[in-house]
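K.L.:
Construct all of the structure, not just a fragment, from the sequences and the given hints.
For the protein sequence lines, the chains are A and B, in the order given.
Just remember that the working numbering sits 295 ahead of the position in the first sequence, which is counted from 1.
Just remember that the working numbering sits 61 ahead of the position in the second sequence, which is counted from 1.
Some hints here could point you the wrong way.
Simulated pairs of lysine-lysine, BS3-like, Cα-Cα distance not exceeding 30 Å [to be verified]:
id	chain 1	residue 1	chain 2	residue 2
1	A	K435	A	K424
2	A	K424	B	K176
3	B	K131	B	K176
4	B	K131	A	K435
5	A	K435	B	K176
Rather than coming from a laboratory, the hints here were simulated on the basis of the structure.
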Amino acid sequence: MSERTISVDYMARVEGEGALKVKIHDRTVEDVQLRIFEPPRFFEALLKGRSYQEAPDITSRICGICPVAYQMSACHAMEKLLGLRVNGQRRALRRLLYCGEWISSHSLHIYLLHAPDFLGYPDAIRLAKNHPQAVANGLKLKKAGNSIMSLLGGREIHPINVRVGGFYRVPSVDELAGLRPQVEEALMLAEQTVRFVSGFTFPDEEEDYEMVALRNAAEYPMNEGILVSTRGLRIPQEDFEREFEEVQVPYGNSLHCVHRGGGSYLVGPLARYALNHDMLSPMASSLAREADLGPVVMNPFKSIIVRAIEVVYACEEALRIIDSYKPPSEPFVPPPDRIEGGTGVGITEAPRGILYHKYVVAAGGLIEKANIIPPTTQNQKRIEDDLRHVVERSLDLDDMRLTNLCERAIRNHDPCISCATHFLRMDLERV
Amino acid sequence: MPRERTPMLIGIGNEDRGDDGVGLHVVRAFSRAYPHLAEVVEPLGDSTDLLDIWEGASLVIVVDAVRSGKHPGTVIRLDAEKDPLQKFFPLLSSHSLSLAQAIGLGESMQRMPRKLVILGVEAGSLASGNSLTPAVQKAVQKVVERIAKELQEDEDAGVTEETEVRGHA
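P.N.:
Below, the structure is given as structure tokens:
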């Protein structure tokens, strides 16, 4: 008869503040909790009564690593509500901005947060001592992504140039062309990254995920598409809440989002790759083949390779957009003179997966209600399921090694805990 | 040791979070009091940008808020080479590396300036707002003078070294 508790009070190398607790009774895993204790920030309440124009700016503050994702989901939700179409070069610039964020966020995760796990280092600082060139490459990649975001967004952190309908100001051809050398170099480094991470040793684990992502007819998805899954789901974005629901957990500050009647599901690079690999650019496809990835990757440890492939894709896509850029005649599509109320849903592919925004806006343009479901909220239950399986398979490991394996299982999914804790539903009981 | 390159003064912080902005207040006050003595930088990105910002720099002084349990307004001096930084600069931002970790990366990758000094000012309040609490406001001038002293001492040390080298030529 024995009780074992594996706990990590403060997770390292994840965004935000999270803790892990696993309870084992004899050889049964009794309980698994990924606890989020970062204080919630009540963004959905903050948005009430604000103008619809403010949604991109306010929600971008939810996350310092993926502000563009919030701006894009907010803009698309409001534009659907207002009946605005953002096409042509404005659409292309949005995609380019998102490429910048994917490059920056994924590179940070690959080199500073995830790679140490595979090379046996406790942190990036010690990794950098023995692999300074690799870490230098990672920082250069991150910087290239940030340069794109600075130019198009006006600022690296919480860009200020994005608005409903497009941008406040669009770059000149020369300004955009100025990015080219850095993005070319980034593409080369991204290619090296795929080869670097493909050479790691991967635990032989596979999970039977239901993967959910956007899909559209034109391209590897960022801003647009319907919702699809590896179990045959195929729905318009507006039907999201009919399929998925948020559930409060008693042991943390965040919500779990689950598939109604189905349980946990996975969003993010593995999901996008499984559902859209036919849309990858030539070099990205070829590198995926070279890395022996196959059409679907179900080993969560190999997510590092898929992220690297997505960095290659984002660099190629960025170059394509830069090379075909012609400044639009107007930086943004103006809103209608009279705002009629309504509901708008916007789902876009943040680096970590689909980010859901829904707004109810009153006639005149003030927000009445907002619902925001970040990718990490959607992955939380799935991460706990991964943990349960990892522990069940590795009970014979000593506590230290088992703890390390559990932490790795969480880091595989690049959770952004700050995003996951932006909202707390409070039930007030008056006695 | 070459000291030709102008010293660099870096102010770190968020000026919309009360005393967290003290680094910015200090470097701006220094610029007004002693224009042209140092290259002043207020980085907007995350801490890993520092490695690029101080590339090739000789003396770098970084000013930032700290939380170490002392009285608000207390000033501490840390030498990046000799003092343990983690105690004073834990992971304050959940989205990027802390100052200490960025310095750790810089050391691992041998991308450090000749000399890096950190002047930390103990914060009183990090509540929203762009003014400093009184004790921290009082510390600003003290830190400005401290910086001037650091620059002078470093320059004097350089002159001494040069004289010694010449003496043995």
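K.L.:
So which of the earlier hints does this model not fit?
P.N.:
Number 4 - this is the single hint that the structure violates.
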